[in-house]
Amino acid sequence: MNETLLSVRDLSVAFGPRGRRVSAVDAVSFDVAAGETLGLVGESGCGKSTTGRALMRIVEPTAGTVTLEGVDLTAASGRALRERRTAMQMIFQDPISSLNPRRRARDIVAEPLDCWNRATGEERRRIVDELLAQVGIDPVAYGGRYARQFSGGQCQRISIARALAMRPKLLICDEVVSALDVSVQAQILNLLEDLKAEYGLTMLFIAHDLAVVKNISDRVAVMYLGRLCEIGPADTLYDAPAHPYTKFLLGAALEADPEAPRRGEVLEGEPPSPLNPPSGCRFRTRCPFAAERCATETPALREVAPGHQVACHFPLAIARREGAPA
Amino acid sequence: MSDETLLRVREVTTTFDTPQGRLTAVDAVSFDLGAHESLGVVGESGSGKTVLSRTIMGLQPRRGVSVTGSVLLNGIEVVGATEEAKRELWGRQVAMVFQDPMTSLNPVVKVGKQIDEVLRVRLGMDRAAARARAIELLEMVGIPAAATRYDAYPHSLSGGMRQRVVIAIALAGSPQLLLADEPTTGLDVTIQAQILNLLDEVQGRLGMSMILVTHDLGVVATRTSRLVVMYAGRVVETGTTRDVFARHRMPYTRALLESSPKVSNPSHTRLAAIPGRPPNLLDLPAGCAFAPRCAYATDRCRNERPVLEPAGEPGHLFACFNPLSEPVGSPT
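Which chain is which? The protein sequence lines are A and B, in order. Using this note's numbering, the letters of the first sequence map in sequence onto residues 1 to 326. Using this note's numbering, the letters of the second sequence map in sequence onto residues 327 to 658.
Do not take every clue at face value.
Said to hold, decoys possible - One-sided and incomplete, this derived list gives chain B residues near chain A with beta-carbon spacing under 10 Å: (1) Gly544; (2) Val570; (3) Pro587; (4) Asn591; (5) Ile600.
Said to hold, decoys possible - Some but not every residue of chain A turned toward chain B, in silico, with C-beta under 7 Å: (6) Gly16; (7) Gln149; (8) Gly153; (9) Val184; (10) Ala186; (11) Lys214; (12) Asp235; (13) Asp239; (14) Ala252; (15) Ala253; (16) Ala256; (17) Val266; (18) Leu267; (19) Gly307.
Said to hold, decoys possible - Simulated coverage check for chain A against chain B, where a stretch passes if three residues somewhere in it have a Cβ under 8 Å from a Cβ of chain B: (20) 187-193; (21) 198-212.
Keep in mind the hints are simulated off the structure, nothing from the lab. Every value quoted in this text rests on a predicted model; they were computed, and no experiment measured them. Note that the Cβ used here is the ideal one computed from N, Cα and C, for glycine as well.
Full structure from sequences and hints, please.
This is how it looks when you write it as structure tokens:
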């Protein structure tokens, strides 16, 4: 494995006043190796977007550390923080509201360069044109158009070009394809794969769509109610989930195949309120395997196979995992 | 397929007058729906699937919209029906479940009262009977502590629970046809599975027909018996769900299937993306609307509009001049 680019330790984010405190992210730890794509998947309210935002310090973490290339971002402030942040860029879900409708595509992409005085004149123009061409927007024909004149898919391409302008090491993608039609979604996913190879990017890909996350990720982390349940190589985790929640989540995923057997039972009920999360394991109130220990003791992440960690006192049988197809 | 036809849609065309000109959202769509049958209508944004379902309901703004063709529901013509006649249909013959359960419910009326309204106005029940029936319906759609939730306001319910309430309202008049327009879009995957199972179950239990309108092929794959694939307002392929998935002839259908990532594929599987994007309905090409994005398009495709023709299997039709060849042996 390559060296670690991003290291997150015991990251917690809580919102609201004492007494009505929402624990959105609770003691989440993971590493992302240079050149790797880590998928972060979970249902709404599980804290996946808040985790992404806390890494950028768009929301302030209440505890924990975020280390990018050996520099602790949670300790940095002011100009030092802003400078470090150029190495990490974020792309958001709604491509249209991410761009100022009254600005031209070319100026939107040039903005980060202007902010940091990275390029001027002819060089600035060359960099911007190259970026636009790379994301599939013809700079000559469309560079002068206003953001409002582009479709959702095209706006997402411009957002990607803008994010790449600073040559970031880490790209955080928060639900970047969920607002797009399936045919356009495939274009953007393929584009991200290509750019990742070309720029040697490391990605944190946050999404709720299990098929999309598997498609783009090397490793996948599953969150439930603010905590990490399971993390492991994408193919292994999908073939042989060790956490009961992961199994239910995958069982509920719909496959576009009429011959596909209806998989597994459906998870009953809905996640409890993060205002008052269950003690111990947060999934225990809906877990069919929950025992007394689950209520009293918070399960820590532990390794069940090389690179595959799970936070569960009673992970699903190893035997089944080994028998599963690779 | 069923023997009895509940809904007969013939050459339905819905146009809107916009400041930029006349826009044809639904273009000469025809299909039949049998009693107890479930039909999936799939397409991307702008394909006309939502306008089609609203046209079947007879839900149109009064100005700037014109509908031609015929929608016969149980022998009653919906196109051109008076508001009064349509009100007779709504609830009792046909009911609709919309995508966004928050905006489908009145935020300042208790959910039980919103179900009551259907029962009292449509079915003429008295207050006590309506309340009892409303609680029964809430139980049927799987809302725990239904008697207490009767007095809840929509904002205190989760998205999944709200969609259950919307379904209860739709079922209140015991309609013969349930139109569900993206009923699970915006819901989490585990909640989506719950709602789709619920729709399946009530459809079977009440013997309704259902039209499931969605952009997600996964939603219709195992839950409908027939499919209509739409592109730029037109039906481009239709047939049994199995035939459309396994023996599709229209390149767009294949592109749609192949561009969506699948949970069963290994990670980093290259997606077969369709170049370009869905066309602007105000500026449609003269021929096949998919031609500009199609790898097989010829001059004929660009100039002449293909009509639906039989593919071989019963009820399987496609509109394409250069159809994909029939698969040899088992489909992959």
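These are the hints, each one checked on the structure:
no., hint, in the structure
1, Gly544, "holds (3 Å)"
2, Val570, "holds (9 Å)"
3, Pro587, "holds (4 Å)"
4, Asn591, "holds (7 Å)"
5, Ile600, "holds (4 Å)"
6, Gly16, "violated (18 Å)"
7, Gln149, "violated (12 Å)"
8, Gly153, "holds (6 Å)"
9, Val184, "holds (6 Å)"
10, Ala186, "holds (4 Å)"
11, Lys214, "holds (5 Å)"
12, Asp235, "holds (6 Å)"
13, Asp239, "violated (9 Å)"
14, Ala252, "holds (4 Å)"
15, Ala253, "holds (5 Å)"
16, Ala256, "holds (4 Å)"
17, Val266, "holds (5 Å)"
18, Leu267, "holds (5 Å)"
19, Gly307, "violated (14 Å)"
20, 187-193, "holds (count 4)"
21, 198-212, "holds (count 5)"
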